[in-house]
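The primary structure of each chain is shown beneath.
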Amino acid sequence: MKTICFYFQIHQPFRLKRYRFFDIGNDHYYYDDFQNEEIIHRIAERCYLPANKTMLEMIKSSGGKFKVSFSISGMALEQMEIYTPEVIDSFKELAATGNVEFLSETYAHSLASLGDPAEFKHQVEKQEDKIQTLFGVRPKVFRNTELIYSDDISELVYGMGYRGMLTEGAKHILGWKSPNYVYSSMVESNLKLLLKNDRFSEDLSDRFANYNWSEYPLTADKYIRWIADTPESEQVINLFMNYEVLGSLHPAETGIFEFFKALPRFAAEKGISFSTPSEVFALMKPVDSISVAYPISWVDEERDCSSWIGNTLQQEAFRKLNEICGRVRLSQTRRIRQDWYYLQSSDHFYYMSTKHLGTGFSPYDNPYDAFNNYMNVLSDFIVRVKAEFPETIENEELNSLLTTIKNQGEEIESLHKEIDRLKRREKVEKKEKTALK
Amino acid sequence: MKALMFGWEFPPHILGGLGTASYGLTRGMALQPDMDITFCIPKPWGDEDQSFLKIVGMNNVPIVWRDVNMDYVRNRLSKVMDPQKYFDFRNHIYADFSYRHVNDLGCLEFSGRYPDNLLEEINNYSIVAGVVARTEQYDIIHAHDWLTYPAGIHAKNVSGKPLVVHVHATDYDRSRGSVNPSVYAIEKNGMDNADHIITVSNLTRLTVIEKYHQDPAKVTTVHNAVEPLDPEILSIPDKKGVKDKIVTFLGRITMQKGPEYFVEAAAKVLAKSPHTRFVMAGSGDMMNQMIQLAAKRDISDRFHFTGFMKGKQVYEVFKASDVYVMPSVSEPFGISPLEAMQCGVPSIISKQSGCAEILNYAVKVDYWDIEALADAMYSIITYPALHKFLQEEGKKEVDNIKWEYAGQKIRRIYDTLVNK
Chain A
1 MKTICFYFQI
11 HQPFRLKRYR
21 FFDIGNDHYY
31 YDDFQNEEII
41 HRIAERCYLP
51 ANKTMLEMIK
61 SSGGKFKVSF
71 SISGMALEQM
81 EIYTPEVIDS
91 FKELAATGNV
101 EFLSETYAHS
111 LASLGDPAEF
121 KHQVEKQEDK
131 IQTLFGVRPK
141 VFRNTELIYS
151 DDISELVYGM
161 GYRGMLTEGA
171 KHILGWKSPN
181 YVYSSMVESN
191 LKLLLKNDRF
201 SEDLSDRFAN
211 YNWSEYPLTA
221 DKYIRWIADT
231 PESEQVINLF
241 MNYEVLGSLH
251 PAETGIFEFF
261 KALPRFAAEK
271 GISFSTPSEV
281 FALMKPVDSI
291 SVAYPISWVD
301 EERDCSSWIG
311 NTLQQEAFRK
321 LNEICGRVRL
331 SQTRRIRQDW
341 YYLQSSDHFY
351 YMSTKHLGTG
361 FSPYDNPYDA
371 FNNYMNVLSD
381 FIVRVKAEFP
391 ETIENEELNS
401 LLTTIKNQGE
411 EIESLHKEID
421 RLKRREKVEK
431 KEKTALK
Chain B
1001 MKALMFGWEF
1011 PPHILGGLGT
1021 ASYGLTRGMA
1031 LQPDMDITFC
1041 IPKPWGDEDQ
1051 SFLKIVGMNN
1061 VPIVWRDVNM
1071 DYVRNRLSKV
1081 MDPQKYFDFR
1091 NHIYADFSYR
1101 HVNDLGCLEF
1111 SGRYPDNLLE
1121 EINNYSIVAG
1131 VVARTEQYDI
1141 IHAHDWLTYP
1151 AGIHAKNVSG
1161 KPLVVHVHAT
1171 DYDRSRGSVN
1181 PSVYAIEKNG
1191 MDNADHIITV
1201 SNLTRLTVIE
1211 KYHQDPAKVT
1221 TVHNAVEPLD
1231 PEILSIPDKK
1241 GVKDKIVTFL
1251 GRITMQKGPE
1261 YFVEAAAKVL
1271 AKSPHTRFVM
1281 AGSGDMMNQM
1291 IQLAAKRDIS
1301 DRFHFTGFMK
1311 GKQVYEVFKA
1321 SDVYVMPSVS
1331 EPFGISPLEA
1341 MQCGVPSIIS
1351 KQSGCAEILN
1361 YAVKVDYWDI
1371 EALADAMYSI
1381 ITYPALHKFL
1391 QEEGKKEVDN
1401 IKWEYAGQKI
1411 RRIYDTLVNK
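Respectively, the protein sequence lines represent chains A and B.
Residues 1 to 437 in the working numbering are what the first sequence spells out, letter by letter.
Residues 1001 to 1420 in the working numbering are what the second sequence spells out, letter by letter.
Everything labelled a hint here was simulated from the structure, so no lab data went into it.
Do not rely on the hints blindly, as some may be mistaken.
To be verified - Some chain B residues judged to face chain A by a derived CB distance under 7 Å, without partners named:
#1 1084
#2 1088
#3 1092
#4 1242
#5 1295
#6 1296
#7 1304
#8 1305
Please read these numbers as outputs of a predicted model, since none were measured by experiment.
Yeah, the Cβ is synthetic: ideal placement off N, Cα and C, and Gly gets one too.
Take the sequences, apply the hints, and build the full model.
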């Protein structure tokens, strides 16, 4: 029996304000609150809230047969907490149905998987904690920022305890193979993979509202029929897309919500079920392993990482960011840790890309402005990090010094406790002695 | 002595050195009690300082007769021009230009900048100059920069008065030898028809003699100078937020100004002295290339681009700087190092710039010598004694470079021509 596995990505970065050379050293607040608030309000109204409502309806109308999975980046969760807490409430409602799975990713929706492995691990843990705090479950399946995947990344993810991961069904990786099966990683045979079905996912994310498409208008029964018509042996259809497809990319007028609402009915008619990734991994075995030497993603025609680290500017910025990784982790200041996450969002690098000049959303006029602004902010950030501890001390030395200080602190504390205990015993003995007298 | 001057920019709406030089020169000359200057620019904004000269906007001079009355003209023009002058000009329209695209007052539009149709605007400017030349009274014509040479020639033909052309820059310089033929033609024509040619440096004088084939006796150098700073500007505080030393490049980011040498030298300095920051202030066609180059040399965290700085912002950048660098490949004069030295910032200039001829207390290097440039930058930021020396002596030297002296030299040239 075929099953459809829906996955939606939700992310919003903390966008930077205009930060000039003279601000370096003087102004330590980097974010454009007005723009960020405005954007998340707009998207919550147009997309998150009505889409969540639609999902809930679909779960109810299908009698609990409809399943869906989300990954919400820590950045997006923080913004929702600040500006639109009603969205968090509506996700909690969805979580309560038991038909929704939350996946894990990097807290900052960052490129740490391509940079520093320790930072990557740290961010994933932070994301797991956040999901647990808000929704009461700890994620079991992983999906990396923008579905970036490679053999090295699969090793890291497996090392963190995950047994299942989502990624892109890129043509240059699959070749003649179909994405409608479960696969495993070539280097970690126990890590199962679900690959996005490009054609069906993009029918919804790209072509749904395009009048010039030969299949316009796409109706739910036609879509389900296509899925049902895939070969018998292909058991899982992976539909992965950005949640903004519902309402933001395709506004409500295109009929996208009605389309979704009709899906469970037609799927039931054709005997197609819905599953969460965990359920798929539990039921199906991998049919083959795939090897990915160079990182892939779900972005652009190339399905690689050139949108983020393709040109010299991006590589330079990414390099400078990773250079202070270790130092930041030694810092105890909360503001620095917070800014550190915000500065790592992949969006900052995306805006520096020279690949999509003219298309795509960017708060900057051109990639050079994006680079300039980001580097100014990063310069100020580096100044703050370096100001914490003297620059002459290397990270390892610093680390060992801090550990020594911590250990000594703990020792002193336990010695104090011992002294208190002995004092109390002495007091008690004295009392007994005087009583005996 | 009445002078009719043709220019293209005037402060506060300036785009480069031409506006600054025009202002300084006319201010300096106005100190002579019997000097009367009429200065024509394509598009005045109304906020120019007219206390020492009269500004005529070429976009308010009619070339086609329009039947309008005083009130209408006053409504339209009173902010920028005396309405009566409009009618004086109108009475001197000399040919039928009604086929031209003119506005309701019979005037041509000008952008006031350097648009794509620059040659067309230059031609229009010279047409309007014909009306002005026939209306105004003057003893001598002075055309600033190649854009106004056709206008100057036209005025000379109309009035028979001597023409002085002021070469602020040559296309030969700007293009490093591969001139634009139309621009070269205008420049040469202007120089051929002039009674005298003034250049802003000996460097430019040699270019004019050798590349434009002019008679050396006809060419004189009058070096540019710098306006003394307002106390308000002098008291601008150092606004930078970091303790690092700041090395600044301020100017158009284009081939002529040698920005790539600055970036390369910066990379060398940072290898030795990592607590330095480099600022490239300004904009231009090579800005994106420079951002790429800085990224390639791995110095983007210490190399900052500020974009175009207007008016007071320029001085804010100077006040925050420890060194000013002008590695120009070929600079006719270069007023910005003087402005920097006025703010107490030691300057490093290329030997191929005009101001090197008159500055003694600035460090001079060949523009292509990145090692020397890096060395100079390093020593000024590392040795406080050198910094102090250049700062003090430089300021003294520059305070003595006055537009008044330049104005006097020009007056002597005028006197020779008028009394011939």
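Evaluated hints:
no. : hint : in the structure
1   : 1084 : violated, 46 Å
2   : 1088 : violated, 46 Å
3   : 1092 : violated, 47 Å
4   : 1242 : holds, 4 Å
5   : 1295 : holds, 4 Å
6   : 1296 : holds, 5 Å
7   : 1304 : holds, 4 Å
8   : 1305 : holds, 5 Å
Of the numbered hints listed earlier, those contradicted by the structure are 1, 2, 3.
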